[in-house]
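Q: Chains as they are written, first to last, in our numbering: chain A, 2 to 100; chain B, 561 to 1191.
If you are wondering where the hints come from, they were derived from the structure by calculation, not from laboratory data. Treat the hints with caution; some may be incorrect.
[Stated by the list, open to error] Here are the in silico distance ranges between beta carbons for each label pair:
| # | chain 1 | residue 1 | chain 2 | residue 2 | range |
| --- | --- | --- | --- | --- | --- |
| 1 | A | 54 | B | 1169 | 37 to 45 angstroms |
| 2 | A | 54 | B | 1172 | 31 to 39 angstroms |
| 3 | A | 75 | B | 1172 | 22 to 30 angstroms |
| 4 | B | 1169 | A | 82 | 18 to 26 angstroms |
We put the CB at the ideal spot given by N, CA and C, even for glycine.
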Amino acid sequence: MNPVNYLYLSALLFTIGATGVLIRRNAIVVFMCIELMLNACNLAFVTFSRMHGNLDGQVIAFFTMVVAAAEVVVGLAIIVSLFRSRHSASVDDASLMKL
Amino acid sequence: MENLIALLVAAPLLGAVVLLCGGRRLDAVGHWIGTALSSASFVIGVVLFTDLLGKNAEHRTLMQHLWTWVPVEGFQADVTFRLDQLSMTFVLLITGVGSLIHLYSVGYMEHDERRRRFFGYLNLFLAAMLILVLADNYLLLYVGWEGVGLASYLLIGFWQHKPSAATAAKKAFLVNRVGDMGLSIAIMLMFTTFGTFAFGPVLSHVGDASEGKLTGIALMLLLAACGKSAQVPLQSWLGDAMEGPTPVSALIHAATMVTAGVYLIVRSGAIFNAAPDAQLVVTVVGAVTLLFGAIVGCAKDDIKKALAGSTMSQIGYMVLAAGLGPIGYVFAIMHLVTHGFFKAGLFLGAGSVMHGMNDEVDMRKYGGLRKYMPVTFITFGLGYLAIIGFPGLSGFFSKDKIIEAAFAKGGTEGWILGGAALLGAAITAFYMTRVMLMTFFGEKRWQPDENGHEPHPHESPRTMTIPMIVLAFGSVFAGGIFGIGDRFLHWLEPITGHEEGNSPVSALTVTLATMVVLVVGVGIAWAQYGRRPVPAVAPRGSLLTRAARRDLLQDDFNHVVLVRGGEHLTRSLVYVDHTLVDGVVNGTAASMGGLSGRLRKLQNGYARSYAVSMFGGAAILVAATLLMRAV
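Excised from the complex, chain A in its bound form (with noise of 0.2 angstroms):
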């Protein structure tokens, strides 16, 4: 199978979840949404470090699913804490850093 077609799922997948980040309000969604971008990228590099024939796209690959676990960890406590104080995880919600 032609390992491009890979990355046009890729770039379906990334494309899905850049507009799910810009016009969700939920948290989780959003949130969720960035999780695909992240997991877009990674086939990605998989699917170029096949095409390549070496291992730098793979190891990057786990390099992210560290990261985004981590991330993960902060941001879902960040999003639960939130919505324990306002009762709501809209992001719009959440504007009071501004001048």
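Could you slot chain B onto chain A? The hints should help.
A: Then chain B, alone, in the frame of chain A:
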């Protein structure tokens, strides 16, 4: 003998310090302290004078080095006094007339509670004036020059509760500043040209400098002289300076300080001799001023202002003579000395009249005073005869010589300058006769003032009449003593140098012409003010009369050209400052503020809009990378 020179200055300086710092406990005796110290200075002057007379002409220059003021390599400024024939003449005039006027002021200022301070200022003036004439270098001369300016300011504004006096003092100070600038520039030029300020080295090395530079120095010195001596175009302050007490007008604004400019020109004679263009300007300034002052003097009804116009005119004669070079230097100084006598006498007479007339200065409210003030009448009359140049009196000898010297300049210039001097003599005869007739002759014209007090003219006390009598003697005899046998010429010649000009007209012709214009001037004045009664209210007068009453529009000229011009200049500068300079600064700040106000809107707190900018930025980066690769 040299060691006495510093005492000349020290005595009045001590008086000034004691009187000004001594406080009220000296109020009772302050005026006598001042008079005594100024007389002490005069006595020392006489001692030095007899000493000089006993020496040969070549050995008559005494120097006293006091201390080195600025001991810097290549910049040597000494406090050294130089007493030679020229400064000796001035010392005797200043301390002699000064002491008489101190004595006069004892009576004149009797009812003034600030009399002690007045005498302190007078002593300060004497000290500064003596420094001016005794200085051996231009820098020390400048110290005296500024000192007399300060004393003049303080004394014009002595009655500072009168706004007119305060304004007049300020005006005199400001106008003098312009002249002082000239002197300081001249001194700086001198230093760059000759590397020193001392009279000896500067005046003996004049030949080393280029004529252009010398002309520059000479013109700056002339500017200084114009400021101090009230010559056109810096003449406007002298008329207003009459706001000061009358003894001040007599001492500072007639006899001594205003002649400092003539001293400066004569002292710097070597520079002027080497700069003929500058000399021409000096003569023109002198001729213009002598006519200017005389015309103003004709129209004034205020007795002191009429005399002030006359002072201006007589100093114009001296400046004219000084501008003629070696032909005229001696006669400039001779006229200066005789003028010191008769003009001081005339001012003291005017002060005596005012004293008896409740400080009225308007001559139209005098009339017939000769019956009430015989001593004042006679002394003033002798001063009057001296100033118009009545044969045998002081003014005759000195003024006649100047007119002769003006003709002797030669060529068309000689005819023009001589003609101006002759015309000036006619106008002098006219305005002085007018003053005389309006004050002492005719019917009495004074009226009770608004409080019903009618003035009771009376003769002034002894302290005032004695100085007037002494000065009247000077007015009568000084000219003869100086002029007959050319004594003054021989005395001053070693310092100033002298040349006989070759006049196209003989001395006798000049004298006769002077007599003719004198008679004409007196005759016209008599026809106008002696034959018919003088109206107590000034008639409207011709255009020229009205202009002359306004000092020939000098203040209007200054107002329109300098004050308005200055206002417009400053206003446009302020406008440029507000619009351009402030505009750039404020505009930058405002545009920065506006821009950041707009940029601030990006910080709206919405995470999603930050995400958009992040994606946008990333997209641009990717696009740019691809683009670069494609290129």
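Q: Evaluate each hint against the coordinates.
A: Each hint, compared with the structure:
1. A/54 to B/1169: 37 to 45 angstroms: 42 angstroms, holds
2. A/54 to B/1172: 31 to 39 angstroms: Given range 31 to 39 angstroms: holds, Cβ gap about 38 angstroms.
3. A/75 to B/1172: 22 to 30 angstroms: Since residue 75 of chain A and residue 1172 of chain B have Cβ atoms about 23 angstroms apart, the given range 22 to 30 angstroms holds.
4. B/1169 to A/82: 18 to 26 angstroms: 23 angstroms, holds
Of the hints listed earlier, there is not a single one the structure fails to meet.
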